[in-house]
Amino acid sequence: MSDTTTIMAPREARPTAASPPETAITVTGVSKTYGDGRSAVLALDDVSVDIAAGEFMCLLGASGCGKSTLLNLIAGLYHVTDGTIDTAGRRSALMFQEPALFPWLTAAANVELALTLRGWSRRNARERALDLLARVRLDGFASKRPHELSGGMRQRVALARALAQDADILLMDEPFGALDAMTRDLLHDELERVWSDTGLTVVFVTHNVREAVRLGDRIAVLTSRPGRVARIYDVPLERPRRIESVEVTEITAAVTARLREEVARHGR
Amino acid sequence: MAVETPPRAASVEDDVLDTEIAGLDALEIPRSEKSSLRSRLWGGTWPKLIAIGLVLSSWQAVVWSGWRPPYLLPGPVEVFETLFDAAATATFWQAILITMQRAAVGFALAIVIGTVIGFAVSRSKVLRSGVGSLITGLQSMPSIAWFPLAILLFRLSETAILFVVVIGAAPSIANGLITGIDHIPPLWMRAGKVLGARGFAAFRHIVLPGAMPGYVAGLKQGWAFAWRSLMAGELLVIIANRPSVGALLQFNRDQSDAAGLLAMMVVILAIGIAVDTVFGAADRAIRARRGLVDTAA
Ligand SMILES: Nc1ncnc2c1ncn2[C@@H]1O[C@H](COP(=O)(O)OP(=O)(O)OP(=O)(O)O)[C@@H](O)[C@H]1O
Ligand SMILES: [Mg+2]
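Residue numbers (numbering that gives the first Met the number 0), protein chains in the order written: chain B, 0 to 267; chain V, 0 to 296.
Isolated chain B (complex conformation) (with noise of 0.2 angstroms):
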């Protein structure tokens, strides 16, 4: 049902190896109803995609077409009415739409707690969670209860706590949606630095075109109701992008024209 469109000529992002990459995320006909009866939601309806293993993926699509419930199911919280995930005992980190903090921990606390989970020393997990928050510009928060803190510093305080499950796959439903263009910026190059030291398999939801291209080796777009794979989008650009680059900009056009073309078609 989905094919692949190449926007702009030649790729040559990674990976460059002559073997195909491994599969990191194999979805296969995955239907997801929510409720059972007359108040039964089908929410997604045969979506089949693979994202590979190292692959930055990103999910676009209008509010309520499944992003988030895609994210769920490949996490393992949800179960599927219909069809198979298989992340091949890939361990998956979820950051979720709301930050989902802890309000009884600190900040510093909330990123330990994933640590000490994983079985890290206090002592150890205490020094990670610092360089974590750090990361994500948090430094002088570390001691702040969720409450005090801002909804954009709350998503943030989300990221480095995923960041500190160290799994190979990293599941980010709207993440830097609360925050300033500045702060936006930065944690993108963070991110993007983080993932191609470790060579983590991030699936990235976004209603921005823009960051879902200066983010993604891979762009699907999702249908509403019921949520399909309509289209995915090859982005060749080479790494590290900036955001206000000229052809991260054409790229955002092309696309955005190509939504507006589908989005036209499906209201006809």
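One thing to keep in mind: the hints can contain errors.
[Stated by the list, open to error] With beta-carbon atoms standing in for the labels, derived distance ranges:
#1 Leu41/B - Ile272/V: 33 to 43 angstroms
#2 Leu41/B - Ala284/V: 26 to 36 angstroms
#3 Thr32/B - Lys124/V: 22 to 32 angstroms
#4 Leu40/V - Gly198/B: 55 to 65 angstroms
#5 Arg241/B - Asp293/V: 38 to 48 angstroms
#6 Ile143/V - Leu41/B: 22 to 32 angstroms
#7 Arg122/B - Ser123/V: 33 to 43 angstroms
#8 Gly88/B - Gly43/V: 49 to 59 angstroms
#9 Val125/V - Thr32/B: 26 to 36 angstroms
#10 Ala280/V - Leu41/B: 46 to 56 angstroms
#11 Arg122/V - Thr32/B: 24 to 34 angstroms
#12 Phe79/V - Arg122/B: 53 to 63 angstroms
[To be verified] Which chain V residues stay away from chain B? Per the calculated CB distances, all over 12 angstroms, these:
#13 Glu77
#14 Gln93
#15 Pro147
#16 Trp187
Quick caveat, the hints were computed from the structure, so don't treat them as lab data. Cβ coordinates follow ideal geometry from the N, Cα and C atoms, glycine included.
Got chain B; can you put chain V with the ligands on it based on the hints?
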């Protein structure tokens, strides 16, 4: 995951950006001005002083009205004089010590039992439908109704008192924990699952702290039931050479010492209020930590 940060060309620019963002972040946080400990203590104390004053003056007014003769209903001055005299005796303090020991042991045992039962019931559907309403039934059963059975089973002993204290307090504690667990947002549980919290780690790090507000409410109620049961028990089960607050109360009644009786009642009330204040403070601290107290308005 690599910890080192590779050097980057634009680091000076970044530093400027960092500083700017730190500045932005600082603006976002409302500065909290902590009032001094003294003024906070005073703020909490004066309404209580006024309330005590009102109670004592209406008590005195009833005495002055001559509704009952003073040897049956003495005024506050006489009662407090009796209390100070009693406080000079060793028996008085021994009685309070024994009573508080019983309360502490009984309450601690009730916490253990109530927590285990509450946790088990909240986890298992079968237990919930089977035992859930039984717990509420036990909770509403007056503890004094247990004494005949307790005395039959354990005779006039410490164990009889302990039994009734535990059975009075444990259901409230179990119910508080169940309510607390039921009100944990599913998102927290999912977040815990993603972080890898399973089994006892999940209970210790997510379920218990998540349920804490309901649990503390249950503990507070459990304490009230424990204290009531204990007083009832000490009136009924009097053990030789073991003075207790309840035994002194009963003794004063037998002697028709109205002032002594009222003095002991003041002691019972004071202990009850003091422990309740501790729970109240714990509850407030928990809510303040979680941002459930509006400090900005
Ligand atoms: N727990 C639930 N119970 C019932 N219906 C649900 C539940 N969660 C989601 N839905 C429904 O499933 C559909 C997809 O929801 P989902 O949260 O996945 O959307 P989304 O793409 O993440 O939207 P947004 O961009 O607004 O976050 C919606 O129609 C929603 O009403
Ligand atoms: Mg969503």
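We went through each hint and held it up to the structure:
1. Distance hint check for leucine 41/B and isoleucine 272/V: the Cβ-Cβ separation is about 59 angstroms, which falls outside the suggested range of 33 to 43 angstroms.
2. In this structure the supplied range 26 to 36 angstroms is violated for leucine 41/B paired with alanine 284/V, their Cβ-Cβ distance being about 47 angstroms.
3. Taken as a hint, the range 22 to 32 angstroms holds for the pair threonine 32/B and lysine 124/V, whose Cβ atoms sit roughly 23 angstroms apart.
4. Between leucine 40/V and glycine 198/B the beta carbon distance is about 58 angstroms. The supplied range of 55 to 65 angstroms therefore holds.
5. Under the hint 38 to 48 angstroms, the C-beta atoms of arginine 241/B and aspartate 293/V, about 43 angstroms apart, fit the expected range.
6. Checking the proposed 22 to 32 angstroms range against isoleucine 143/V and leucine 41/B shows it is violated: the Cβ atoms sit about 59 angstroms from each other.
7. Between arginine 122/B and serine 123/V the beta carbons are some 38 angstroms apart, a value that agrees with the proposed interval 33 to 43 angstroms.
8. The hinted window of 49 to 59 angstroms between glycine 88/B and glycine 43/V holds, with their beta carbons roughly 57 angstroms apart.
9. At about 28 angstroms, the beta-carbon gap between valine 125/V and threonine 32/B stays in the expected band of 26 to 36 angstroms.
10. Hint check: alanine 280/V to leucine 41/B, Cβ distance near 51 angstroms, so the stated range 46 to 56 angstroms holds.
11. Distance hint for arginine 122/V and threonine 32/B: a CB-CB separation of about 27 angstroms, consistent with the stated range 24 to 34 angstroms.
12. Separation of phenylalanine 79/V from arginine 122/B is about 55 angstroms and conforms to the stated range, judged on CB atoms against 53 to 63 angstroms.
13. Chain B leaves glutamate 77/V outside its interface by the beta-carbon criterion, the shortest separation being 49 angstroms against a cut-off of 12 angstroms.
14. Against the 12 angstroms criterion, glutamine 93/V stays outside the reach of chain B, whose nearest CB is about 41 angstroms from its own CB.
15. Separation of proline 147/V from chain B is adequate, the least Cβ-Cβ distance of about 44 angstroms exceeding the 12 angstroms criterion.
16. Once the 12 angstroms rule is applied to beta carbons, tryptophan 187/V is inconsistent with being away from chain B; the minimum gap is 7 angstroms.
Checked against the numbered hints given earlier, this structure breaks hints 1, 2, 6, 16; the rest are met.
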